[in-house]
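Just so you know, the sequences run in chain order Y and X.
Going by the working numbering, the residue at position 26 of the first sequence is 26; the numbering climbs one at a time, nothing skipped.
Basically the working numbering = 1-based index in the second sequence + 1000.
Derived from the structure by calculation, the hints contain no laboratory data.
Hints are not guaranteed to be accurate.
Straight-line C-alpha distance at most 25 Å; calculated PhoX-like pairs for lysine-lysine [to be verified]: (1) Y:Lys71 - Y:Lys102; (2) X:Lys1095 - Y:Lys57; (3) Y:Lys102 - X:Lys1095; (4) Y:Lys70 - X:Lys1053; (5) Y:Lys71 - X:Lys1095; (6) X:Lys1095 - X:Lys1053; (7) Y:Lys102 - X:Lys1054; (8) X:Lys1053 - Y:Lys102; (9) Y:Lys83 - Y:Lys57; (10) X:Lys1054 - X:Lys1068; (11) X:Lys1068 - X:Lys1095; (12) X:Lys1095 - X:Lys1054; (13) Y:Lys14 - Y:Lys70; (14) X:Lys1068 - Y:Lys102; (15) Y:Lys57 - Y:Lys102; (16) Y:Lys70 - Y:Lys9; (17) Y:Lys83 - Y:Lys9; (18) Y:Lys71 - Y:Lys57; (19) Y:Lys9 - Y:Lys102; (20) X:Lys1068 - X:Lys1055; (21) X:Lys1053 - X:Lys1068; (22) Y:Lys57 - Y:Lys70; (23) Y:Lys71 - Y:Lys9; (24) Y:Lys102 - X:Lys1055.
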Amino acid sequence: DGGITQSPKYLFRKEGQNVTLSCEQNLNHDAMYWYRQDPGQGLRLIYYSQIVNDFQKGDIAEGYSVSREKKESFPLTVTSAQKNPTAFYLCASSNAGAINEKLFFGSGTQLSVL
Amino acid sequence: KNEVEQSPQNLTAQEGEFITINCSYSVGISALHWLQQHPGGGIVSLFMLSSGKKKHGRLIATINIQEKHSSLHITASHPRDSAVYICAGEQGAQKLVFGQGTRLTINP
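Here chain X stands alone, though its shape is the one from the complex (with noise of 0.2 Å):
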């Protein structure tokens, strides 16, 4: 079993709709990243928790310790926001855990 688990792999969704995309992970994992890959291939850090909400424009990140639960929403999709959704979780050393990814597709 994958220390990091993220559901569902694909999301495809109109235009505007709410987005949510889940991230449950095991115990040792202090932190949880929120990394956002575009098809050019290049990562950009979303966000970086270890307990209740964080919020950036129309992207939201949460997590629940007691639950070993991590959730990212996005608002009034876009288009644009199509891209890989990857969360990761911090084992400590600044060693990270990956989850597979979640591909989101917004069509317009």
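Chain Y on its own, in the form it takes in the complex (with noise of 0.2 Å):
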């Protein structure tokens, strides 16, 4: 079945450290995306890539990197720059391009420091 993988679904980290989440899709979408949920407030886009090896800030991309060497893969680092990581990290998918092309998402992962 076609969809979306992310892992883990629960990450801790320590102060300090860096952590990959991984996102993983196999509907040969183009376009892929990293969004952030906090309690209570709406998904803010971290990433966003439309084609392999390119990729663009979102409205919170402060602390964040990410890469897009592979079309099925968009991993996100958190690095330690980021001070409040603690959230729900969800991945998505589209056509870019398309006209009326619904997102898919993955399960998300929740992320909590130690």
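With the hints as a guide, bring the two chains together.
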């Protein structure tokens, strides 16, 4: 079955540590996105990529980094510069440029600080 | 002021009731997505619409471009419909602006 797989489901970070969240899709979608969700707030865009080897900052990119070396994969690294990383992280994909295209979401990763 | 505003924030109803969730949005949003988030956190896309009305099973989504307003309706609601419903406006280049969500609880 086609879909988006995020791992791990739960992740704990120590002070000063970088951690990487995985996102893989087999939908052959060009565009991939990372969102952050905090309690009581709407999702906010961290980074997005519309094509391999290219990505753009979203609204809250500080303290995060991404790569897009393969079409199927868009990992997100939460660096030590992100001072408030505890949140629920969602990866999504869509066909870039397609009109009236739905978004497909992964099941999310809950990141907490130890 | 948020670019996408949802109401109500919380809604509790009895099984079988007709449910309406509202979404108002600002200028510059070309299309509206309705999403459903279950307690486990995963999100499912329900509808994407830029005009008129769409229906899928017991779910109906409408949009009024002139009034910049969209509604999500659920007919014959069921406890399994309990979830957070999120509307999101598309601002071009695949950028979405999200509402805060409406937590719906359907009691048996």
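Comparing the hints with the structure gives:
Simply put, Y:Lys71 and Y:Lys102 have alpha-carbon atoms about 18 Å apart, close enough for the 25 Å limit, and the pair holds. Annotation: proposed proximity of X:Lys1095 to Y:Lys57 holds, straight-line Cα distance about 11 Å (limit 25 Å). For the proposed pair Y:Lys102 and X:Lys1095, the alpha carbon gap of about 13 Å is at most 25 Å, so the pair holds. Between the alpha carbons of Y:Lys70 and X:Lys1053 the distance comes to roughly 37 Å, so the proposed pair goes past 25 Å and is violated.
For the hint pairing Y:Lys71 with X:Lys1095, the CA-to-CA distance comes to about 19 Å; that is within 25 Å, so the pair holds. Annotation: proposed proximity of X:Lys1095 to X:Lys1053 holds, straight-line Cα distance about 22 Å (limit 25 Å). A threshold of 25 Å between alpha carbons decides the hint, and for Y:Lys102 with X:Lys1054 the separation of about 13 Å falls inside it, so the pair holds. Taking the CA atoms of X:Lys1053 and Y:Lys102, the gap is about 16 Å. The hint holds against a cut of 25 Å.
Distance hint between Y:Lys83 and Y:Lys57 is fulfilled; the C-alpha atoms sit about 18 Å from each other, no more than 25 Å. The hinted pair formed by X:Lys1054 and X:Lys1068 meets the criterion: a straight-line CA distance of about 16 Å does not exceed 25 Å. Proximity of X:Lys1068 to X:Lys1095 is assessed by CA-CA distance (about 18 Å); at most 25 Å being required, the pair is judged to hold. Proposed proximity of X:Lys1095 and X:Lys1054 is supported: the alpha carbons are some 22 Å apart, at most 25 Å.
Between Y:Lys14 and Y:Lys70, the direct Cα distance comes to roughly 29 Å. Violation of the 25 Å bound is thereby established for this hinted pair. Pair hint X:Lys1068 plus Y:Lys102 holds up; C-alpha atoms about 20 Å apart against a cutoff of 25 Å. Taking the CA atoms of Y:Lys57 and Y:Lys102, the gap is near 21 Å; set against the 25 Å cutoff, the hint holds. Proposed proximity of Y:Lys70 and Y:Lys9 is supported: the alpha carbons are some 22 Å apart, at most 25 Å.
With a C-alpha separation of about 21 Å, the suggested pairing of Y:Lys83 with Y:Lys9 holds against the 25 Å cut-off. Proximity of Y:Lys71 to Y:Lys57 is assessed by CA-CA distance (about 18 Å); at most 25 Å being required, the pair is judged to hold. Restraint check: the Cα-Cα separation between Y:Lys9 and Y:Lys102 comes to about 23 Å, which is no more than 25 Å; the hinted pair holds. A threshold of 25 Å between alpha carbons decides the hint, and for X:Lys1068 with X:Lys1055 the separation of about 19 Å falls inside it, so the pair holds.
Distance hint between X:Lys1053 and X:Lys1068 is fulfilled; the C-alpha atoms sit about 14 Å from each other, no more than 25 Å. About 18 Å separates the Cα atoms of Y:Lys57 and Y:Lys70, which keeps this hinted pair within 25 Å; it holds. Annotation: proposed proximity of Y:Lys71 to Y:Lys9 holds, straight-line Cα distance about 22 Å (limit 25 Å). Proposed proximity of Y:Lys102 and X:Lys1055 is supported: the alpha carbons are some 15 Å apart, at most 25 Å.
Against the hints set out earlier in the document, violations occur for numbers 4, 13.
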